[in-house]
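*Asks:* Chains as they are written, first to last, in this note's numbering: chain A, 1 to 210; chain B, 1001 to 1309.
Do not rely on the hints blindly, as some may be mistaken.
Rough simulated footprint, nothing fancy, chain A against chain B, three-plus residues with beta-carbon under 8 Å [said to hold, decoys possible]:
1) 1117-1130
2) 1151-1157
3) 1174-1188
Cβ-Cβ distance ranges computed for the label pairs, FRET-style [to be verified]:
4) A/Gly-97 - B/Arg-1282: 25 to 33 Å
5) B/Leu-1194 - A/Arg-209: 41 to 49 Å
6) B/Thr-1185 - A/Asp-132: 54 to 62 Å
7) B/Arg-1278 - A/Glu-203: 37 to 45 Å
8) B/Ala-1180 - A/Glu-203: 40 to 48 Å
9) B/Arg-1210 - A/Gly-97: 19 to 27 Å
In silico DSS-like pairs for lysine-lysine, Cα to Cα no more than 30 Å straight-line [unchecked claim]:
10) A/Lys-82 - B/Lys-1267
11) A/Lys-166 - A/Lys-110
12) B/Lys-1290 - B/Lys-1267
13) A/Lys-166 - A/Lys-82
14) A/Lys-110 - A/Lys-82
15) A/Lys-99 - A/Lys-166
16) A/Lys-32 - A/Lys-82
17) B/Lys-1267 - A/Lys-110
18) A/Lys-32 - B/Lys-1290
For the record, the hints were derived by calculation from the structure and aren't laboratory data.
From a predicted model like this one, the values you see are computed outputs, not experimental measurements.
No residue lacks a Cβ here, since even glycine has one placed at the ideal position from N, Cα and C.
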Amino acid sequence: MLEPEDSGPGPVTFAGGVLDTYRHVCAFVNSKDEESMVLDPFLRQAVDAGDRLLFLVDQDRTAEPVLRLRHLGYDSASLLAKHTFEVRTWADTYLRGGKFDPPAMLDLIKRLLPQGAFPRVRMWADMGWAIDRLDDSALLIEFEARANFIHAQHQNVVICVYDTAKFDGAFIVDILRTHPMVLLGGVLQQNPYFVPPSEFLHERGRQARR
Amino acid sequence: MVQAPPPRTEQRFDSVPDAAAIDSRRWLRDMGALLALPAMWMDHQPAEIANSLVGVLAGILDLRAAHVRFEGTNASEIVEAWWPPADAPSEELVAAARQAEAAGPGITSLTATTGRVATRVAHVPLQLPWERARILVSTTRPDFPTAIETHLLRIAAGQAVIAFHTARRIAEERNGRRSAEAELTRTQALIRSLVDDIEPSLSGVARRLRQAVQAATSEAHHRITDDGDLRGTPGSATTSTAGPSRPQLSRREAEVLGLLAQGLSNKEIAGVLWLSDRTVERHITSLYRKIGVARRSEATAFALGHPSL
Chain A
1 MLEPEDSGPG
11 PVTFAGGVLD
21 TYRHVCAFVN
31 SKDEESMVLD
41 PFLRQAVDAG
51 DRLLFLVDQD
61 RTAEPVLRLR
71 HLGYDSASLL
81 AKHTFEVRTW
91 ADTYLRGGKF
101 DPPAMLDLIK
111 RLLPQGAFPR
121 VRMWADMGWA
131 IDRLDDSALL
141 IEFEARANFI
151 HAQHQNVVIC
161 VYDTAKFDGA
171 FIVDILRTHP
181 MVLLGGVLQQ
191 NPYFVPPSEF
201 LHERGRQARR
Chain B
1001 MVQAPPPRTE
1011 QRFDSVPDAA
1021 AIDSRRWLRD
1031 MGALLALPAM
1041 WMDHQPAEIA
1051 NSLVGVLAGI
1061 LDLRAAHVRF
1071 EGTNASEIVE
1081 AWWPPADAPS
1091 EELVAAARQA
1101 EAAGPGITSL
1111 TATTGRVATR
1121 VAHVPLQLPW
1131 ERARILVSTT
1141 RPDFPTAIET
1151 HLLRIAAGQA
1161 VIAFHTARRI
1171 AEERNGRRSA
1181 EAELTRTQAL
1191 IRSLVDDIEP
1201 SLSGVARRLR
1211 QAVQAATSEA
1221 HHRITDDGDL
1231 RGTPGSATTS
1241 TAGPSRPQLS
1251 RREAEVLGLL
1261 AQGLSNKEIA
1271 GVLWLSDRTV
1281 ERHITSLYRK
1291 IGVARRSEAT
1301 AFALGHPSL
């Protein structure tokens, strides 16, 4: 009898594109409506596929993903109880201990998105915590670049959501360079501006030494 | 039944073919060379094609002199070349050209005498909608041009015109692409400079707006507190306990109140905070007592009136 080949979980579709080779996405959104348009199908597909949903959000908006799932007709309480759906706040993740600590956050990311995780994790990270934190901009850009090394080792999906209206243009450009996939104008595409993390970090190191 | 093989024809390298056969082979070879010229001239400029043509004709027809002139649809597309290489065509060709033009269309041949040398000159005009061409060739052979030589001249003129046409169209496309690329580069530079100009001011405006919103929010909060509009005793859903009467909620109670006010059920709150349902119920009972409310709606109203909690 032939055993089916274990090829891992299938690719995830998101905003009209496929997340296969690269699953680290930079989602630029301009409004809640635009966010909902891509988030709702993503949530439906995740629950229907039995994937695990992980949200990193503002403490004041912890309930939003729960209400969103409920609005889509899912039993949020049951999903939460089964731990196939989890909401973590910025205070528990990016700003644990009151400040952004990239090495600690990279360790946490490794634990939250383990290699060979089953079910597969779909992480939706609202990056609004970095708004007006100019001192953390450089740290965050390097963090995003380094996170690619971790994301290359697992099959989980990571969507980093940035509100373009609330971040500085130069910062957005650097963020663009650290994500292999980009959601722009509601459409997912392979990011032509992506710079491989080793090259990106080398270049930044060279600039810092000047 | 096995058939006998045909008798072998012995190849003889020492036999001399007759002159007519040699001539035929030579003309065939020359004609093949002329027909292959456009392929050889691929990617050549019109001037290079013209120079190549006079050289080829001089070699094939054993010429004394040659001159070619091609005119495209506009005046800037005139190309001339002559052989042997010199600053200007020979006098005999210039004189012959005047006589040939007077002779009208079609291939004409005439005898020109320069000094004591008599030469035969052939004039090949070619008129196409997109190109006019003229080929003048001269030699001292009195029978020039023979019928085959006339035929070769026609082929050469036709092939040169095809090559010219192709070269000109390719040059036009290349120039068009270059100008489009230059225009694109100019546009990109313009957009870059616009972005460079606008980006700092937009970022500045956004920063000032955020500061203004923060300042306005802070001012409004102070005004409400100072006026005491929302200040009151615990138990009133629309009153504030800022100051000495502020209820002392634990961190967990504050978190539960926040989620409750955002519309989550007890089970959902338990799931989000990784607590049991019983623990959530206990926190709710405790916080209701502390803020002096009895219903979920009152607790929600209290939380909305106390965002700092």
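*Asks:* Each hint needs a verdict: does it hold in this structure or not?
*Replies:* For each hint, the structure was consulted:
Three residues within the 8 Å Cβ limit are the bar, and the segment 1117-1130 of chain B against chain A gives 0, so the coverage statement is violated. Three residues within the 8 Å Cβ limit are the bar, and the segment 1151-1157 of chain B against chain A gives 0, so the coverage statement is violated. Counting residues of the segment 1174-1188 of chain B whose beta carbon lies closer than 8 Å to any beta carbon of chain A gives 0, which falls short of the minimum of three for the stated coverage. The hint said 25 to 33 Å for the Cβ distance between A/Gly-97 and B/Arg-1282, and at roughly 28 Å that hint holds.
Look at B/Leu-1194 against A/Arg-209: about 32 Å separates their beta carbons, and that is not inside 41 to 49 Å. The beta-carbon spacing between B/Thr-1185 and A/Asp-132, approximately 37 Å, falls outside the hinted interval of 54 to 62 Å. Evaluation of the 37 to 45 Å hint for B/Arg-1278 and A/Glu-203 yields a failure: the beta carbon distance comes to about 55 Å. Between B/Ala-1180 and A/Glu-203 the CB atoms are about 32 Å apart, so this pair departs from the stated range of 40 to 48 Å.
Distance hint check for B/Arg-1210 and A/Gly-97: the Cβ-Cβ separation is about 25 Å, which falls inside the suggested range of 19 to 27 Å. Between A/Lys-82 and B/Lys-1267, the direct Cα distance comes to roughly 12 Å. Compliance with the 30 Å bound is thereby established for this hinted pair. The suggested pairing of A/Lys-166 with A/Lys-110 holds, with an alpha-carbon distance near 28 Å, which does not exceed 30 Å. Proposed proximity of B/Lys-1290 and B/Lys-1267 is supported: the alpha carbons are some 22 Å apart, at most 30 Å.
At most 30 Å may separate the alpha-carbon atoms for a hinted pair to count; A/Lys-166 and A/Lys-82 exceed this at roughly 35 Å. Among the hinted pairs, A/Lys-110 with A/Lys-82 is consistent with the structure: their alpha-carbon atoms are about 21 Å apart, no more than 30 Å. Taking the CA atoms of A/Lys-99 and A/Lys-166, the gap is near 20 Å; set against the 30 Å cutoff, the hint holds. About 28 Å separates the Cα atoms of A/Lys-32 and A/Lys-82, which keeps this hinted pair within 30 Å; it holds.
Under the criterion of a C-alpha separation no larger than 30 Å, the hint pairing B/Lys-1267 with A/Lys-110 is consistent with the structure, at around 29 Å. Only pairs whose Cα atoms come within 30 Å are accepted, and A/Lys-32 paired with B/Lys-1290 is rejected, the gap being roughly 35 Å.
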